[in-house]
Amino acid sequence: MTTLPPPPEGQDPFRPPPSFLPEPPAPPPPLPETGPTAAVPLPPKPATEATPTVSTPLSPRTGSVYRRTIANEETTVLTPVTAATNILDRIPLSERKRWRLLAGGSALLAVLLLGFSIYLLFINDQWQTRSSALTSEAYDLGSRLADANAQIVEKQATLDLVSEQLNTAQARILELVDEKAQAGDDISYAQQQLSLYQELSALGGSVSLALNHCVNEHEKLVGYLKNPEAWDPGDLAAYEASVNTLCNAAQSANATLQKALTE
Amino acid sequence: MRSLVALLALVAAGCSAPLPPGPYPADFVPSASPSPSLDASLLSPDGFDAAQRMTVRVRNVGCETILIGTGFAVGEHTLVTAGHVVEGSRRLQVTTYDGQTFEATATGTTTVADLAIVHVEESLTALGVLAESDPTVSDAVTIVGYPGGGRLTTIRAVVITTDPEDIDPEVGPAFGATVSLEAGMSGAPVLNSDGEVVGVVYGASESLPQSFFIPVSTLRTLLDQPPTLVPESAVC
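Listed in order, the protein sequences are those of chains A and B.
Read left to right, the first sequence gives residues 1 to 263 (this note's numbering).
Read left to right, the second sequence gives residues 1 to 236 (this note's numbering).
FYI, nobody ran anything at the bench for these hints, they're computed from the structure.
Just so you know, not all the hints are guaranteed correct.
In the SDA-like style, the derived pairs of lysine to any residue whose C-alpha atoms are separated by at most 25 angstroms in a straight line are [as the list claims (entries may be wrong)]:
1) A/Lys259 <-> B/Ile66
2) A/Lys259 <-> A/Thr245
3) A/Lys180 <-> B/Thr65
4) A/Lys180 <-> B/Thr153
5) A/Lys180 <-> B/Gly148
6) A/Lys180 <-> B/Ala106
7) A/Lys180 <-> B/Gln100
8) A/Lys180 <-> B/Thr154
9) A/Lys180 <-> B/Thr78
10) A/Lys259 <-> A/Leu200
11) A/Lys180 <-> B/Asp98
12) A/Lys180 <-> B/Leu127
13) A/Lys180 <-> B/Ala183
14) A/Lys180 <-> B/Leu67
Here are some, though not all, of the chain B residues that point toward chain A, as calculated from beta-carbon distances under 7 angstroms [claimed, not checked]:
15) Pro18
16) Pro20
17) Pro21
18) Gly47
19) Arg57
20) Val61
21) Ile66
22) Thr95
23) Gly99
24) Gly150
25) Arg151
26) Leu152
Every residue gets a Cβ at the ideal spot worked out from N, C-alpha and C, and that includes glycine.
All chains, please: the whole structure from these sequences, using the hints.
Printed below as a string of structure tokens:
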């Protein structure tokens, strides 16, 4: 949007500026009175070659000189109309060509539109056929999908059951392994105790043997001491010492056995 | 001029006119349907996880006592447990998670930490993977073992300290976890969130709900120096 310059001061703003309007021709000068027979002189015919010019005062806005020429005037050439003239003949030739061109273009456009409409009908028919086939296929796939979903649900339920069974089996395996390990511990403990008892038994046998040996040797020593003159005193003393050593060892072993038995 | 414009519009409409449907597809189901691709090597053969399968129950039959502990496989014939679990043993028996029992052929302990290496003749299938680095404070760990010599149990815990001075300087490098463990858990593997071994349990606090484990870095040092192990066999 452009902004017009403000009108000159004292001028109606709604009136176009005078520079946009051509200046009226200057009034002719008053004719001299030559008498009743004097013919009125015609205004001089302007020459075709020479372009008469009318000087106008300077425009108050632009300051340029507006020159009025014949070329600037609009002229209308009227064709004489007779009674025999057709109505079409009254239309200018250029206008008739335009109408014919417009009619031909419209006809061509109508033909093209008709062909395009037939093409669209053909395409529409093909797409409707395809739509029907796809709809049928979609229903078939939907049915298969529903079956697959049902199978998945069934498999999932089976999987859950198997998982639960696996967890149960694992727990049972751990229990059995634990029971086996505990049994192994018990067996090891029993073997350990058996080994201990066997050692104690062997120790008891040794103690018993040593004590019996001690008793036997003591009996022999008592027999020797009943007739001491028959023996060398030194040998008798040595024998008595060895018997005491043997019996002390037997008593010590017996004490160890008793201690082991009480533990 | 108007006819020409209309003709051009019609030609333009013809260019964008609907086309007939293409050939009908033979099948709407993709030929290469997605199928689950599972790595069979990662699947458990019997539903037990790797931590359970690599953990063993250790029975130490001594001269007059029987000790129960936990161990785990680190090699086809090699087990790791706590040193005091195998101490004074005349016979050492190893029981797997599924009840198989093996006799240990040799044991060795180290003075660096309360750790022991046990060798068996039979082949162990589930092996533990040692982590590259020790755990840090607030790491979540999992401990698998036989508390009280009973069932195989999995326990969750969190590392609370990595300073040996806070635990027992005499034991050497040791970390602490927020869980109280029963006897029988000694030698149990401490696993990180990836299932890798980050430690070996060797004890627990009697007054606080804390347990102690030897970090994997110490275990690696022990495993890298097998000649330092001396086979032991108690004589009654």
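Structure-based check of all given hints:
Taken as a hint, the A/Lys259 and B/Ile66 pair is honoured in the structure, with Cα atoms around 22 angstroms apart against an allowance of 25 angstroms. Pair hint A/Lys259 plus A/Thr245 holds up; C-alpha atoms about 21 angstroms apart against a cutoff of 25 angstroms. Distance hint between A/Lys180 and B/Thr65 is fulfilled; the C-alpha atoms sit about 19 angstroms from each other, no more than 25 angstroms. Of the pairs offered as hints, the one joining A/Lys180 and B/Thr153 holds, with about 16 angstroms between alpha carbons and a cut-off of 25 angstroms not exceeded.
Note on A/Lys180 and B/Gly148: the hinted pairing holds, with a Cα-Cα distance of about 15 angstroms set against a maximum of 25 angstroms. For the hint pairing A/Lys180 with B/Ala106, the CA-to-CA distance comes to about 24 angstroms; that is within 25 angstroms, so the pair holds. About 10 angstroms separates the Cα atoms of A/Lys180 and B/Gln100, which keeps this hinted pair within 25 angstroms; it holds. A distance of roughly 20 angstroms separates the Cα atoms of A/Lys180 and B/Thr154; the hinted pair therefore holds under the 25 angstroms criterion.
Taken as a hint, the A/Lys180 and B/Thr78 pair is honoured in the structure, with Cα atoms around 23 angstroms apart against an allowance of 25 angstroms. Simply put, A/Lys259 and A/Leu200 have alpha-carbon atoms about 10 angstroms apart, close enough for the 25 angstroms limit, and the pair holds. Note on A/Lys180 and B/Asp98: the hinted pairing holds, with a Cα-Cα distance of about 10 angstroms set against a maximum of 25 angstroms. Distance check on the hinted pair: A/Lys180 and B/Leu127 sit about 23 angstroms apart at the alpha-carbon level, within 25 angstroms; holds.
Taking the CA atoms of A/Lys180 and B/Ala183, the gap is near 19 angstroms; set against the 25 angstroms cutoff, the hint holds. With a C-alpha separation of about 16 angstroms, the suggested pairing of A/Lys180 with B/Leu67 holds against the 25 angstroms cut-off. Satisfaction of the interface hint for B/Pro18 is found here, the shortest Cβ-Cβ separation to chain A being roughly 5 angstroms, below the 7 angstroms cut-off. Given the 7 angstroms rule on beta carbons, the hint for B/Pro20 holds: about 5 angstroms separates it from the nearest Cβ of chain A.
At about 4 angstroms, the closest approach between the beta carbon of B/Pro21 and any beta carbon in chain A falls short of 7 angstroms, and the interface hint on this residue holds. Because the beta carbon of B/Gly47 sits about 5 angstroms from the nearest beta carbon in chain A, less than 7 angstroms, this interface hint is met. For B/Arg57, the interface hint holds, since its Cβ comes within 7 angstroms of a Cβ in chain A; the closest pair sits about 6 angstroms apart. Proximity of B/Val61 to chain A holds as hinted, the smallest CB-CB distance being about 5 angstroms (cut-off 7 angstroms).
Annotation: interface hint on B/Ile66 holds; nearest CB of chain A at approximately 6 angstroms, less than 7 angstroms. The beta carbon of B/Thr95 is positioned within 7 angstroms of a beta carbon in chain A (closest approach about 5 angstroms), and the interface hint is therefore held. With its C-beta approaching chain A no nearer than about 4 angstroms, B/Gly99 sits inside the 7 angstroms limit, and its interface hint holds. Given hint, B/Gly150 at the interface with chain A, holds; its Cβ is 6 angstroms from that chain's nearest Cβ, closer than 7 angstroms.
With a cut of 7 angstroms, the hint placing B/Arg151 at the interface with chain A holds, because the nearest CB-to-CB distance is about 5 angstroms. Interface hint at B/Leu152: satisfied, since its Cβ lies 5 angstroms from the closest Cβ of chain A, which is below the 7 angstroms cut-off.
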